[in-house]
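Asks: Each chain is listed here by its residues.
There are 2 protein chains.
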Amino acid sequence: MAKKGSKTRAAKKTGGDLCLRELLRVPGGRPVDLAAHDARKTPAGPRDKQAGLAALTELAAPLADLQERLWAASSAGDRRRVLLVLQGMDTSGKGGTVKHVIGLFNPSGCRVRAFKAPTPKEQGHPFLWRIKKALPHAGELGIFDRSHYEDVLVARVRSLAPPAEIERRYDAINRFEKSLTDDGVTVVKCFLHISYGEQRDRLLKRLDRPDKRWKFDVADIDDRALWPVYQQAYETALERCSTPHAPWYLVPADRKWYRNWAVSRLLLEHLSELDPRYPEADFDVAQARRRLLEQ
Amino acid sequence: MAKKGSKTRAAKKTGGDLCLRELLRVPGGRPVDLAAHDARKTPAGPRDKQAGLAALTELAAPLADLQERLWAASSAGDRRRVLLVLQGMDTSGKGGTVKHVIGLFNPSGCRVRAFKAPTPKEQGHPFLWRIKKALPHAGELGIFDRSHYEDVLVARVRSLAPPAEIERRYDAINRFEKSLTDDGVTVVKCFLHISYGEQRDRLLKRLDRPDKRWKFDVADIDDRALWPVYQQAYETALERCSTPHAPWYLVPADRKWYRNWAVSRLLLEHLSELDPRYPEADFDVAQARRRLLEQ
Numbered sequence: 000m001a002k003k004g005s006k007t008r009a010a011k012k013t014g015g016d017l018c019l020r021e022l023l024r025v026p027g028g029r030p031v032d033l034a035a036h037d038a039r040k041t042p043a044g045p046r047d048k049q050a051g052l053a054a055l056t057e058l059a060a061p062l063a064d065l066q067e068r069l070w071a072a073s074s075a076g077d078r079r080r081v082l083l084v085l086q087g088m089d090t091s092g093k094g095g096t097v098k099h100v101i102g103l104f105n106p107s108g109c110r111v112r113a114f115k116a117p118t119p120k121e122q123g124h125p126f127l128w129r130i131k132k133a134l135p136h137a138g139e140l141g142i143f144d145r146s147h148y149e150d151v152l153v154a155r156v157r158s159l160a161p162p163a164e165i166e167r168r169y170d171a172i173n174r175f176e177k178s179l180t181d182d183g184v185t186v187v188k189c190f191l192h193i194s195y196g197e198q199r200d201r202l203l204k205r206l207d208r209p210d211k212r213w214k215f216d217v218a219d220i221d222d223r224a225l226w227p228v229y230q231q232a233y234e235t236a237l238e239r240c241s242t243p244h245a246p247w248y249l250v251p252a253d254r255k256w257y258r259n260w261a262v263s264r265l266l267l268e269h270l271s272e273l274d275p276r277y278p279e280a281d282f283d284v285a286q287a288r289r290r291l292l293e294q
Numbered sequence: 000m001a002k003k004g005s006k007t008r009a010a011k012k013t014g015g016d017l018c019l020r021e022l023l024r025v026p027g028g029r030p031v032d033l034a035a036h037d038a039r040k041t042p043a044g045p046r047d048k049q050a051g052l053a054a055l056t057e058l059a060a061p062l063a064d065l066q067e068r069l070w071a072a073s074s075a076g077d078r079r080r081v082l083l084v085l086q087g088m089d090t091s092g093k094g095g096t097v098k099h100v101i102g103l104f105n106p107s108g109c110r111v112r113a114f115k116a117p118t119p120k121e122q123g124h125p126f127l128w129r130i131k132k133a134l135p136h137a138g139e140l141g142i143f144d145r146s147h148y149e150d151v152l153v154a155r156v157r158s159l160a161p162p163a164e165i166e167r168r169y170d171a172i173n174r175f176e177k178s179l180t181d182d183g184v185t186v187v188k189c190f191l192h193i194s195y196g197e198q199r200d201r202l203l204k205r206l207d208r209p210d211k212r213w214k215f216d217v218a219d220i221d222d223r224a225l226w227p228v229y230q231q232a233y234e235t236a237l238e239r240c241s242t243p244h245a246p247w248y249l250v251p252a253d254r255k256w257y258r259n260w261a262v263s264r265l266l267l268e269h270l271s272e273l274d275p276r277y278p279e280a281d282f283d284v285a286q287a288r289r290r291l292l293e294q
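So the protein lines, in turn, are chains A and B.
15 is the number that numbering that gives the first Met the number 0 gives to position 16 of the first sequence; each next residue is one higher, with no gaps.
273 is the number that numbering that gives the first Met the number 0 gives to position 274 of the second sequence; each next residue is one higher, with no gaps.
Do not rely on the hints blindly, as some may be mistaken.
[Unchecked claim] Quick list of simulated restraints, FRET-style, between CB atoms:
no.: 1; chain 1: B; residue 1: Ala-137; chain 2: A; residue 2: Val-217; range: 18 to 24 Å
no.: 2; chain 1: A; residue 1: Glu-279; chain 2: B; residue 2: Ala-137; range: 29 to 35 Å
no.: 3; chain 1: A; residue 1: Arg-199; chain 2: B; residue 2: Ala-171; range: 53 to 59 Å
no.: 4; chain 1: A; residue 1: Ser-74; chain 2: B; residue 2: Pro-119; range: 16 to 22 Å
Hint data in this document are derived by calculation from the structure and do not stem from the laboratory.
Here a beta-carbon is modelled for each residue, glycine too, at the ideal position from N, C-alpha and C.
With the hints as extra help, turn the sequences into a complete structure.
Replies: Structure representation (structure tokens):
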């Protein structure tokens, strides 16, 4: 009984029996209305900033433990790995999520890649070419700050490719992600959902603070003018590419502490399900011990 | 006066006016006797574990601030970057340093690379080929867990290349590192110095703990039998490749807390000297503000 009680306490500390995946998962194949989703809501878990920061701190140890086990398992041939895909409008907090969430992990096992506008060389290849080169290796946690989804988002909004080509890409993405999951990659796609008002506040803060101004790009204002078109492009991407093997999670992101907790919690749920194990010794431990002590 | 006092307090918090670089720098061109260096000593800074952990915590904020400024500066064309090279015998704590020291930084700006035995493809290229592909980009902190030095260490001990070729490599490394520093790379090379007894204890711990056993490799015992030959190879590398532009630092590493503090402090001193600055706005801030508020 004591053991059961302690397990329950441990579960409560990291979010209890809560399944955030179910709560935030975007049902694929159905129209998505982003305006109907309150970006300030806290659908489960901590309800205020203090509780949110505390809950994030509580997740640090179990996340680090799971990551180490994933890494250890890879040393014995386990090829499983995790890919976190972060998408969202400018200032939605992709970079902040990497800093505060991925900062909880051991850097040795993380492969972070930020995708910017494709270079001329990248443009000479199919759109998934640069993505495939940046995938996590066995045992690693890969993190994409923007991703192949840009090729159906900005590419659609800015007409960077013919409509028929954009159209083909949704299916290409679904096939690609299916091939990843078939190959042992757990794909965790988070759309960081912020409101129009919150973006204005964050852009103004970038302008007003000399230590934030370098993050400001005048082009962000032009993009902001296209807010409704971007939201539509996101809605289409979420509808068409939230699949059973690689669902999208819609993360309310107006509150940074909630966003950080939610992404961490989603990673925890996925890593817990993988349940990676430290490998057994494939050598004679007693003999190795003797040899060491003789030296 | 108040300001001066506060500056002094801030300086004390992060190690005062101490210059660890001078204390730990290996004078190049002179024979090195590793046995004469006590791996348990704490030549400056914190003197016990509690103070060491506290001192490391104090370094986290200034390190993160300097890293962000380096990254911000790169957005305005500053090409400077830092490369931390970690070398040391098995169990000396290269991985632990990445976890505890690099874990203090924003993962977005870190490029960690662990070098293992070269693959057949890598063997088909000059030894610096794979190194050059892993260098940090502008604004980044690169971390090498092992490095091109393996090509004059294990390669020498295990006769993986002809003696004349090994001999040529010292100069090739010095030329290569000079080209890096000329190109804006600050190279920080840390030799994590542990004692023969400490290595035994750490290897035994790996054997005894099921969650550490996966790190154990029976080949480590064979390498340990070659301890004196490895120490000689390190002595030669330190003597020949501790140059004015890229000196080696000899970090006492039997105490993990001291090792972590010392490497962090060395990074702080180098980053402080670079003194990267947030770039000035290259656009009309007031106009951008107006446009935003009109939206």
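Asks: All hints, please: hold or fail.
Replies: Comparing the hints with the structure gives:
no.: 1; hint: B:Ala-137 - A:Val-217: 18 to 24 Å; verdict: holds (22 Å)
no.: 2; hint: A:Glu-279 - B:Ala-137: 29 to 35 Å; verdict: violated (45 Å)
no.: 3; hint: A:Arg-199 - B:Ala-171: 53 to 59 Å; verdict: holds (55 Å)
no.: 4; hint: A:Ser-74 - B:Pro-119: 16 to 22 Å; verdict: holds (20 Å)
Hint compliance for this structure: hint 2 alone is broken.
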